[in-house]
Every structure is written in C-alpha cells, then in structure tokens.
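> Here is how the chains run, residue by residue.
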Amino acid sequence: AQTVTQSQPEMSVQEAETVTLSCTYDTSESDYYLFWYKQPPSRQMILVIRQEAYKQQNATENRFSVNFQKAAKSFSLKISDSQLGDAAMYFCAFRPSGGGADGLTFGKGTHLIIQP
Amino acid sequence: NAGVTQTPKFQVLKTGQSMTLQCAQDMNHEYMSWYRQDPGMGLRLIHYSVGAGITDQGEVPNGYNVSRSTTEDFPLRLLSAAPSQTSVYFCASRELAGVGEQYFGPGTRLTVT
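Sequence lines, in order, name chains A and B. Okay, so the first sequence: first residue is 1 according to this note's numbering, each after it adds one. Okay, so the second sequence: first residue is 1 according to this note's numbering, each after it adds one.
Among the hints, erroneous ones may be present.
So the derived label-pair ranges between C-beta atoms look like this [stated by the list, open to error]:
no., chain 1, residue 1, chain 2, residue 2, range
1, B, Glu59, A, Asp81, 30 to 40 Å
2, B, Arg77, A, Asn62, 37 to 47 Å
3, B, Gln17, A, Leu84, 40 to 50 Å
4, A, Thr27, B, Asp38, 19 to 29 Å
5, A, Gln14, B, Val12, 21 to 31 Å
6, B, Arg77, A, Gln69, 38 to 48 Å
7, B, Met27, A, Pro40, 35 to 45 Å
8, A, Gln57, B, Gly63, 35 to 45 Å
9, B, Glu95, A, Ser74, 37 to 47 Å
10, A, Ser80, B, Thr70, 17 to 27 Å
11, A, Glu61, B, Thr20, 16 to 26 Å
12, A, Gln57, B, Gly100, 36 to 46 Å
In short, the hints are calculated from the structure, not lab data. Quantities reported herein were computed from a predicted structural model and do not represent experimental measurements. We treat Cβ as the ideally placed atom computed from N, Cα and C, and that holds for glycine.
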C-alpha cells in the first residue's frame with residue numbers, strides 16, 4: 001500500500017507571486033505516476049500536471065511545474081505568477097504504473113489562498 | 001463529448017434507505033471507478049472496474065455495491081444508507097493502460113440523516 005502526505009493544510013500567497021506546495025509519498029513500487037489535481041469551489045476535479053516516475057525531467061505546464069525527487073519520494077508543485085483563479089484545494093495523487101487496475105491514492109489536500 | 005456524467009447532483013436519504021448513484025462516460029474508457037470525499041480528506045477509492053462484467057473493491061467498499069453491464073455505465077448502489085455514508089461521491093474514468101488522464105464527474109453530495 002502507498003501513502004501520500006501533504007504537510008501544508010493551507011497556504012497563502014500574494015497575487016503574481018510564486019508558491020510551492022509540498023507532497024511526499026511512500027511506496028515500494030519502482031514505477032508509478034504522480035499527479036496534482038485542483039479542486040475549486042465548484043468541486044470539479046481538474047488535472048493540473050502529471051509526472052511519470054521513469055522520466056528524470058520535471059514536468060511543466062505553463063505556470064505550473066513540479067520538482068520531482070524520486071530518491072526522496074518528493075513531488076512538489078510550483079505555481080508561478082499566481083492568479084486569483086488559482087485559489088482552490090490542491091491534491092497530490094499517486095498511481096502504480098503496472099497492470100492498470102490501480103486507483104489513485106490521494107493526499108489530504110492543501111487549501112491555496114490567493115491574496116489580491 | 002459529455003465526458004463523465006453523474007446523477008443526481010444532490011441527494012438526502014434517511015437511514016436504512018437504498019439508492020443508486022448513476023455514472024456514465026462516452027469516451028469508451030475501460031477503467032471506471034468510484035471515490036468518496038469526506039471533509040479534510042482526499043478522495044478514497046470505493047470500487048473500480050476494468051471492463052464490462054469485471055469489478056473489484058477499493059479501499060472503502062463496505063456498504064456499497066457496483067456492477068458494470070456496459071462499457072459506458074457504472075452505477076453505485078447504497079444498500080442500506082448510514083450517516084457514515086454522508087459524503088461527496090465522484091465517478092471517474094480513464095484508459096486502462098498508460099498514464100492516461102483520469103476524468104472525473106461533477107460529484108454527488110449525499111446526506112444521510
């Protein structure tokens with residue numbers, strides 16, 4: 001079984017600043033996928049970014065990038081030039097890559113507040 | 001493409017009642033799953049299916065039943081509702097293999113009194 005830990009229940013950042021959300025995980029799997037999901041007040045789950053563990057290069061999607069440290073089992077999300085629309089709950093999630101039948105294991109989430 | 005659809009959006013049940021949460025997807029995905037989200041928690045896997053006729057239990061299956069008679073539909077049944085089942089329920093689908101994006105439905109907020 002795997003666990004995902006998000007140690008920051010809440011983070012606050014000024015608009016246009018940069019913020020980093022932390023995520024660590026524990027697994028005995030050697031190959032897996034990692035994800036960050038955004039959940040705004042509408043409660044819709046939106047995929048922000050994904051990382052395949054076998055890839056050394058950190059994933060980026062526009063203003064969103066990750067710092068993936070496989071040995072440390074760390075997967076942080078950096079949001080640059082924060083915008084009011086980034087305010088939401090952010091969930092880190094893990095899925096083993098073998099077999100395909102595994103569901104996602106989620107952390108408890110970080111509530112991101114954007115100060116205007 | 002409608003993506004993943006769920007009905008109803010809101011539901012109030014009395015303890016002991018039964019009901020079915022509906023989920024459908026139009027992306028021809030083999031893999032479908034149900035999660036519940038409780039306050040202060042991430043989503044937890046209830047049941048999943050890797051294709052029509054095949055279902056299996058996730059992390060928190062007790063009190064729930066599923067079936068998968070078609071690729072498109074994956075209903076979740078509450079057999080005898082309990083207050084502990086008050087939660088927001090999400091259905092999701094994805095391709096079975098690879099790092100394919102998991103698409104989520106809009107969720108159903110269920111309250112059991």
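> None of the hints should be skipped; say for each whether it holds.
Hints versus structure:
1. Glu59/B x Asp81/A: 30 to 40 Å: Since Glu59/B and Asp81/A have Cβ atoms about 37 Å apart, the given range 30 to 40 Å holds.
2. Arg77/B x Asn62/A: 37 to 47 Å: holds, 41 Å
3. Gln17/B x Leu84/A: 40 to 50 Å: Taking Cβ atoms as reference, Gln17/B and Leu84/A lie about 41 Å apart, which means the hint holds.
4. Thr27/A x Asp38/B: 19 to 29 Å: Check passed, 23 Å falls within 19 to 29 Å.
5. Gln14/A x Val12/B: 21 to 31 Å: Since the Cβ atoms of Gln14/A and Val12/B sit about 41 Å apart, the hinted range of 21 to 31 Å is violated.
6. Arg77/B x Gln69/A: 38 to 48 Å: The hinted range 38 to 48 Å holds for Arg77/B and Gln69/A, with Cβ atoms some 42 Å apart.
7. Met27/B x Pro40/A: 35 to 45 Å: The hint (35 to 45 Å, Cβ to Cβ) is violated, given that Met27/B and Pro40/A are roughly 22 Å apart.
8. Gln57/A x Gly63/B: 35 to 45 Å: holds, 43 Å
9. Glu95/B x Ser74/A: 37 to 47 Å: violated, 28 Å
10. Ser80/A x Thr70/B: 17 to 27 Å: Violated, at about 44 Å.
11. Glu61/A x Thr20/B: 16 to 26 Å: violated, 37 Å
12. Gln57/A x Gly100/B: 36 to 46 Å: Violated - the Cβ-Cβ distance for Gln57/A and Gly100/B, about 20 Å, lies outside 36 to 46 Å.
Violation of the numbered hints given earlier is confined to hints 5, 7, 9, 10, 11, 12; the remaining hints are satisfied by the structure.
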